[in-house]
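Line by line, the protein sequences give chains A and B.
Quick note on the numbering used here: the first sequence kicks off at 326 and runs consecutively.
Quick note on the numbering used here: the second sequence kicks off at 8 and runs consecutively.
Hints listed in this document are in silico derivations from the structure and should not be mistaken for laboratory results.
Ideal Cβ placement from N, Cα and C applies to all residues, glycine included.
Some hints here could point you the wrong way.
[To be verified] Which stretches of chain B does chain A cover? Using the computed rule of at least three CB atoms under 8 Å from a CB of chain A, they are:
(1) 115–121
(2) 128–137
(3) 145–151
(4) 265–274
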Amino acid sequence: MNKTTRLRPLTRRQDPASASRSPEDDPGKTPQQHASQAQAPSGQGQEAERGAWEERPLAPRLSENEAALRELFCDCSDVVFRKVRVPDTEWLIVYIDGLVKTDDLHMHALYPLLFEDPEHPDVVRSLDTVLQMGLSVSQVLEVHTLGEAVERILSAHAVLLMDGQTKGLALNIVNTNRRQVAEPLSETVIRGPREGFTEVLRTNTALLRQRIRTPNLKMVPFTIGTQTRTQVVLAYIEGLADKKVIAEVTQRLKNIRLDAVLESGYLEELLRDSPRSPFPQMQYSERPDTVAAQLLEGRFAVFTDGTPFVLTGPITFWQMLQSSEDYYEQFWMSNAIRWLRFGFFLIALLLPAFYIATITYHQDMIPTSLVLTVAAARETIPFPALIEALIMEISFEALREASIRLPRTVGQAVSILGALVIGQAAVQAGIVSAPMVIVVALTGIASFTIPKFNAAITIRMLRFPLMLLAAVLGLFGIVLGVFWIAVHLCSLRSFGVPYLAGVAPYRPGELKDILVRAPWWHMDARPWSYAKANRRRMPDGLRPSPRR
Amino acid sequence: MEKVSRRQAILIGSSYMFIVTIINLPAQVAQVDKQGAWYDIPTAAAAAALSLCLIWAVMRRFPDQDYLAVLVNHLKLAGRMLVLLYMFFFFLISSRDLRLLVDIVSVSLLPQTPTLLIGSLVVFSGAMAVRAGIEVASRMAELFYPVLAYAVVFMLVCLTKDFHWDFLQPVFENGWQGWLRGSWVLFGYLGEVIVLPLIFTDRTFDLKRGLVALGIGTLMLELSFVGTTLVLGSEITARLMYPVYEQVRQIIITDFLDRFDLFIISLWMPMMFLKIAFDLYVVCHAGETLFHRVAPGRHLTFPVGLLTVASSMWLFRRSVDVIRLNWNWTVFTLVFALVIPACSLVLLLFRRAPAR
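Build out the structure end to end from the sequences listed, making use of the hints.
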């Protein structure tokens, strides 16, 4: 009689420990607590059970392995078990329907097993011969434990097990029917590549490999998330990236103990130097060219399976105001646009507060003709400048947020409606004044010029405390607020790099890409903050000097 | 150990000399030496350079120690008494600076806000910067000081059309007496450049950098003082409370853009906050040097700040009190910048620390 080894139950309802525990056994707990405990076994118990079968080696008998796998994948209707009987032996193929490309599975795995090749009659008699001569799949891995087999099945592999063997084969025939590479939605440019990352990790790493063709580009894999087992890759260029920074980020990734990683934002919060700071300490991008440029300056990138947003670091504050397009256009145009961005950054942060301060306390700062116009516009407004500003700013933020959530077909109508309601009707009703509408509109436009969305959000949030300070203390309050923000920025670090590096602390070589974008023939050195080991980017004398 | 670069130290030193000096001193120098500020400033700077030389002559014998640490470690009880005096001196400086800033803010920006509130907010901001570390405060100086410097140059460029070069004539109108009196009152503020050797070791500060800081501060003061004289003249300058502020009010670019005074004050104020922050840092650093087994320096920041607010209101009931003190303040600066360093040099002449 075949003896099947019964695994310890893994699902909640089959957990004997929880099933046997009753309120009478533990009178100190309420029935609700017992019920919740029965519903939710402790993480430690789950972890221990998981560890037990993960390490268990594959049995020589195929029936045992099949029973174990069926028990693990109990109630998983998408897991397919396909048994193949050939003379003298039995094979089992296990895969998840939808994750595996079934056409390739049929042609390159099932067909060789079912139909004997007359030229190689004994191929299917052992795993090694099948591996060497029977399977026309490019990537085949060996699995030796139940845990490895389960991990490969969950990672879109088809696992091939043979009766009498204590190892199996995992065939990499991933179903590539996913979202295609398209232009990134969050970072559009006029000039530049139109490719963007997708949700498939290997597609994203391939896009990076296409741009950086050197074996020094390292891709270190991690698996993070006890439930999701999300594949994460740390990419950097050896010889450029600071070894201490790479060691630090590697350690931080290893220390992450989450149950699920569904997006790179989960990792970002756990990798930051200062978690409570509103300023981003890692950048994210959908653009392969942006990530490649970051790596070529000595930074690292973290790819997360399931999301097109790739994290890069260390970063400085000045990167928040840089766009990839700055490096594709002529430097004169890039500098003009960059300076425009700096100006609009200040407007986005300070304009409403400055307006409130001048209207409330320092009317003498405004030219006489303008102050009379503003005073006339505000004559019938029942609210003080601060309340007026808050009404408008909060309405604008609500409208902006609503336009993101709404379907595209309705979004335009809402935008028009919002503009009409806020812009026209509110002014005519005497709730807000026309200058305030202009100030808020200009502030909104200014915040849209900030290329990085996470930085734009930060600036939008910081506007409100500055407005409050301006309302209470006028220009002095604005100076106080800016001073406190500056203290915070100067104390912030991103993986050891000061957040304002280049300006404070002053590094003349890095100024070429902060306040201006120097011509390419001048940008011969990488930033000292990231690439201390290898700073030379290009030789001297590249400035074009064609003969006349 | 502090991680302040030499460039940051230079900016700190030059800002120390410049930021507070431009508030009231142009008027007082104009009172005693009329249009002679342009040669009074280099004279006072030369005396300040002498104090740096004396202190450096002591420090170079004891590597990896700032001047306060040298006094404590090598002059024992006498050194401790001297460090206590330096602590008190810079505490007075912080009180004076705070009072000046509070007065300007109260006069030009917030006339109805209690001065105690203004002073408390300023000290809180400075203490925040100090608690974050001298490294952070130095970076902030690197961030704000160049902006202010460009603003000063921009201001002078805009006022070029209003310059009256005959306002600088006649030279030496008040003779040697005017020259010495103008230099006397200026040295009380320029001598504060000794802050650099008090808080930095020889890894960050040396004589060359100290003189560069002094040179930059002197240049900035020359631009400001001479610009004020050229625009307003010595007679009007001598009768104003804030001559540089009045000078800025003369800027008119077009009929529309003629209100830059508050804007320039907004650029100047963060540096003033930082000056007070560095004053607090010196006091806390001296306290830590004396009582390092009792209280780390950063724990003293807010208590010292509170004391500074109280003393600024108590010692100087009116802003005029600060102006009156300027005439006698130079005595204090002479003692701490020249006399004590000279005496310490003599006492430590034949002592030397082991090589680094």
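So which hints don't hold here, by number, going up?
none
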